[in-house]
Amino acid sequence: MIAPYVPADWLVLLPEIALVVVAVLLAVLDVAYPQVRRTGELGIYAGLGIAVAGVLGIVFALPGSDRTLLFGGMLRSDLFAFVFRMLVIFAGVMTALLSSGVRGVSRHGEYFILLIGACLGMNFMALSADIIMLYLALETTSIAGYVLAGFAHGDDHAAEAGLKYFLFGAATSGLLVYGLSLLYGFTGETGLAAIAAAVGDGQVPPAALLVINMLLLAGIGFKVTAVPFHFWAPDVYEGAPTPVTAFISTASKAVGFAVLFRIMSVTVPMSAYLLPLLTAISVLSMTLGNLAALAQRNIKRLLAYSSIAHAGYVLMAVVTISDLGTAAVVFYLITYVVTNLAAFAVVIIFARVSGSDEIADYAGLSRRSPYLALAMLVAFLSLAGVPPLAGFFGKMFLFAAVVKAGLIWLAIVGVLNAILGIYYYLIVLKVVFVFPAPEGTASIDVPRVYSVALAVLCIGIVVLGTVAGPWFDLALQSAQGIY
Amino acid sequence: MAIFIHQNILSLILFSPVAVILVLLLIPDNMRSAIRWTALLGSLVPLAFTIVMWSAYDPALAGFQFEQRAEWYSAVHSSYHIGVDGISVPMLLLTALLVPLGILASFKIDERVKAFMVLYLALEVGMLGVFVSLDLLLFFLFYEIGLVPMYFLISLWGSPSGERDLGGGRKVPARQYASFKFFVYTLAGSLGLLMAIQVIGQTLGTFDLPELIGLWPSFNQDVFDGVSIGAVKTAAFWTFTIAFAIKVPLWPFHTWLPDAHTEAPTAGSMILAGVLLKLGAYGFLRLVLPLFPVEAAAAAPLLATLAALSIVLGAMAAYGQTDFKRLVAYSSVNHMGFVVLGIAVAAWAAQVSDPGIRMSATIAANGAVLQMFNHGLSAAAMFFLVGVVYERTHTRDLDELGGGIWQLAPVYGGILIFSSMASLGLPGLGGFVAEFAIVRGAWPVFTLATGVSMLGLFFTGAYILKGVQQVLHGPRNEKWSHHPMEISLREVLVVAPLMVLILLAGIWPAWLLTMINQTVLRLVG
Amino acid sequence: MSFPLLSAITFTPVTVGMLLLLFPADRHTEIRITALAGATLTLFLSIWAYVSYDISLAGYQFVERLNWVPALGISYYVGVDGLSLPMVLLTGIVIFTGVLISWKIDDRPREFFAFLFLLATGVFGVFVALDLFHLFFFYEIAVFPMYLLIAIWGWKVTREYAAMKLTLYLFIGSVVAVVGALAMYFASGMNTFDMLALQNAHFPADFQRFWFPFIFFGFAVLAGIFPFHNWSPDGHVAAPTAVSMFHAGVLMKLGAFAALRVGVMLLPAGAHYWMPWIVFLALINIVYGSFVAMMQRDLKYVIGFSSVSHMGLVMMGVASLTPIGITGAGLQMFSHGAMTALFFACVGMIYDQAHTRDIPSLGGFGAKMPLVAVAFIIGGLVSMGMPGFSGFIAEQPIFMGVWAAGQTTSQYYLGQQYAWIDLVAVIAIAITAAYILRAVHQVFFTKLPAEFEHHVGDVTILDKVALVVLVGVLLALGWFPAWMAPLVASSAANVMTILQGAAG
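Chains as they are written, first to last, in my numbering: chain R, 38 to 520; chain L, -17 to 507; chain H, 388 to 891.
Since the hints were derived computationally from the structure, they do not count as laboratory data.
Check the hints yourself; a few may be wrong.
[As the list claims (entries may be wrong)] In silico DSSO-like links for lysine-lysine, alpha-carbon gap of 30 Å or less:
id, chain 1, residue 1, chain 2, residue 2
1, L, Lys90, H, Lys755
2, H, Lys851, L, Lys153
3, L, Lys90, H, Lys834
4, L, Lys461, L, Lys163
5, L, Lys153, H, Lys552
Work out the full structure, taking the sequences as your base and the hints as a guide.
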């Protein structure tokens, strides 16, 4: 069944079209006015441009409750996809702004163009309803990501990070494409809906379905940094330019979950193996992520492991296969993106002045810059899940979904892990607030762009953590109809 | 106005010291004489009210008078219920009288005068409260609250010298040891009382004493699984008894007393011996006999035995002391033993229908109440007089004093002789009438115990004469001849009212006994 | 719509806290004055709520309700009854006095007061919560500022350890309770977190028995119930004075309060089943806490362990499941809150000047700071349950509650042993008297050691105001229980109705 071509479909893609236009304009600007490179204004323009794309999308392309297949069934437009696209765009805006003062990236037009490219790829990942489209979008994202991770010129760490990211990414996407091709092989369909129907008819033998599930999970596990596909994360997070790390750890992960949901809607109906597998992955990710984070001395590595743990939390709700679970995941990812961006923003701002990502060097930050320390407090406590911050509601909804599904033991594992998390977040905050600054350290000045970005993020965290109602309604609406 | 006073007279008595405390708190610390005089004049207010109350009290009526009842702690069914009868009025008089005298006796105190006076008046509130409470919880409240000021009076203004070896070379000041012992001993003793009060209140849903007296003795349902009501009642009886026996103090619960008395400041000792010990005896009369008539009758022989032992051993211990104040302290054990003996008789007789025994019991109980009053006067006087000599010589050791003080201080000597004789029970003075009544009442009931107690009277004579002799007699004592040893006018003023009352109670006890008798008749039934 | 009094009470502190953050960091005086103004306003509002509560109507009053997350039946739902109102008042008093005695804090006072006010908002939020989710939201807000307050401004020797220990204990307790709460939410099938609705959910008895320990112990950790009391003395000792006051004075009450409000009131059948064991644990708290307190040399540890003992009394009152016992628990929460705040204030004042809290090396402070001595003594008398002070008023009904519980036949073995429990618990009173008197004597009335001769003086007028306020509260309740006891009793009766519904 092939859907007919409808010209109005293009309107749905308004944000993506706008992104392309912004990329082109940036390329022109970069060449025509080389002086913007020196001032670091490229990032601001890029950020504003991406933001415009988002605004256009919200104003003109907001889907209602309707779910439509576009472009011959290649894309599927629904609120679920829209939320993730906007999330990606939000992360893109923030990453662009946060990149504007980072040495090694801020003066390169192509960096921002690649960033927009990655955004585009992710948006299409969220939209795709066809395995071909999915793979294309995935590769678009990945290739942009590999380059971004290794972007910083003359930085060996960055080069290593880029290479690692590429090797792991290539391997896992190879597994993914193998899984997808098996699906095609058994069913003869490329559209997810059609494949789902075929799977439902029993066209795929259970053993094959197990293999397919494992292959697909490897690909997505890489994206969402779930154990055991997480090995790349700490090194890449540490080595990549910090704004890129922020972007990979938020937008990329969020979209990874979107894809997971899309694929599970296909494979779940027949799979008795998928849920135990996912549950195991969830428990392992939480536990290993948190335990490893305890030992970290580098803030970026700490955040890397914490992000692995967060993937584990989210997976808890994924396995409940319920509207509440999906909504909880969507809501959690919204809060997580905002919170983690804030955390990395602090890291970026601190590193600009101190040139260090070691946790020990954060000593006395609260005296050197009280407001930055406060922002860090907000971000880290939100990660820890403390009210009145975003993470609290996020975790509550996750646990609610898990308890509702009757997985009490999983909830207990989750809350104990949350305690572990609180422990190491507090350790960092202790360094920031309790330890004295070393002699001769100056106060930390925060450029206006960063102040604005950080303020937006912190306010966002508090808003999500207090006025959670409308956001959760949005998550709930977008979650309906996934299964 | 007059009606208001009449209706609220007990509350006025009870809380006028509080008003004085509040006034005192407003006076700056360094205006010492203003503080002293305010305290003295202020303490006359409750005395005046008490006298008004006494004159309005109708001795012919047996029941509670001036009753007042107000909501206090409704959540546990406890109310502010106060009233007096013939047992409490003499005690109120005694308390209201001793407090101004104690304050007057303490004019020489220079250290933390304000705190002293405030605590002293707070102590008065506690004691007055016990004597007017007709609610079990309220009773306990006032019963306990007096501990606090007394503790501080001893530990802060007690005799500064002296140490107590705790073993292992650790030494603490004697006054700290004594006050601590006093506090913890008495507190621990009353915890059982508290538990029993709670069980009674919880079981019957009220703490109101007149109501409880009607309900509790005949209450006959099991309240706890596996514990019979009889056992509960017996246990409650013993907690009451032990708490009050400690307070009286009855041998063998008396060991806190010599320490506390000896280390307390003079005014503290006066109140301690004069009123605080009476709280225990009063508790027997007010609570134990009415609430536990059966149990009390069963335990009466034991109580009588302990009372006799208190009398004899107290006297013997007093005789053995070389410390003048300790001697007087043990004399309290001795004298309070008579009170308990009288009470034991009353307890016993409540279960006996023989009119002769009941008659004896009435006499004994009358004697006990009178003895409480009289001992309050004479013990206060004795402690004060010990204080007078201590203030001048800074020693209480009889050997160190060396006698011969009469020649240095003839007036003082005369007064001491007078008080000693009252304490000894010389006919014509208060002590005689009371002790005679007790012995007369007890003889037909507890003949053996009474006989032993009479023996104790000999020792009483012996230790008192010993004390008087070692202080007063002998050749003029040159050691102290350079000190102004004679008693001052202020001090005479302290002791004079006590002497007058001792004499009055001895010659014409009827002014108290008519009042006491009506209530005692009701008590013994 | 009438004035949203409870919201005003809840959010005044945090608003003032945010306002403080706008000040430049070095304007210490302005910051302090603003903080004091905010605290005064909060106190005023809580007094207002207290006096305008109509006891003849009973029930929950000043109710406000807004949808929060309607999809899950979460609402912003507040109201107070006779159990929570005294707690609100207490919190108002403690924040006011806490600000007064924190005047001398020189290290980042802006952040200090901001965190303290955030804490206060969390505490208020829990006490007024009528929605289970709302309760957890504020409960956790109340927990985490403690970490920073202790770790940053605490006693240098143990602060990091104690702060982390405290935070982890409390968070573990709270998340365990969260799981229980979610289980209740889904089991009720009512799609609401409204506690008044959940009271009528009539959960099956085996469900209640299974989940009751999760909820009750989850919260009771914060109340310091044995064997989960371990965090509390360390936390008290390490915390700066105002935080100790808040912590022992109010925060521990939060645990007991929530255990009662959520555990007992929503799972009454579970409560019936588990309470004999809890009475037993509370007994251990009471006796063990007082013994350990007696062994301490550090004045603050003495008070810390005495709190363990006293919170045991609260738990025992709750666990008696009798109206009188619950009334006593409510009164004890208030009384102990004010008392322990007073204690910590006094200890803080001594430590500020002496720089030691080692009891044997202190002495003679009574002459230098007479008001502190008086206040400490009064606190001590409250602590030993001396009649005439609030401790007596509060402990009385608790003990009576246990007697009463012993008089109702219980189907469980431990329940038949209640009669002995009071007799053992009362030992603690004598022990308390012993260690309090010892400490009082040593600290205030022995000779002033020579090294303190020159630098120890009287406390400031602000300190005195704080002490007088707290002492006044303790005496007022001690002599005139009528202004609070009937209020608490009215709500205890409500709890009983629920419990009887479950038993019948």
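Structure-based check of all given hints:
no., hint, result
1, L:Lys90 <-> H:Lys755, "holds (23 Å)"
2, H:Lys851 <-> L:Lys153, "violated (35 Å)"
3, L:Lys90 <-> H:Lys834, "holds (22 Å)"
4, L:Lys461 <-> L:Lys163, "violated (35 Å)"
5, L:Lys153 <-> H:Lys552, "violated (40 Å)"
When held up to the earlier numbered hints, the structure conflicts with 2, 4, 5 and fits the remainder.
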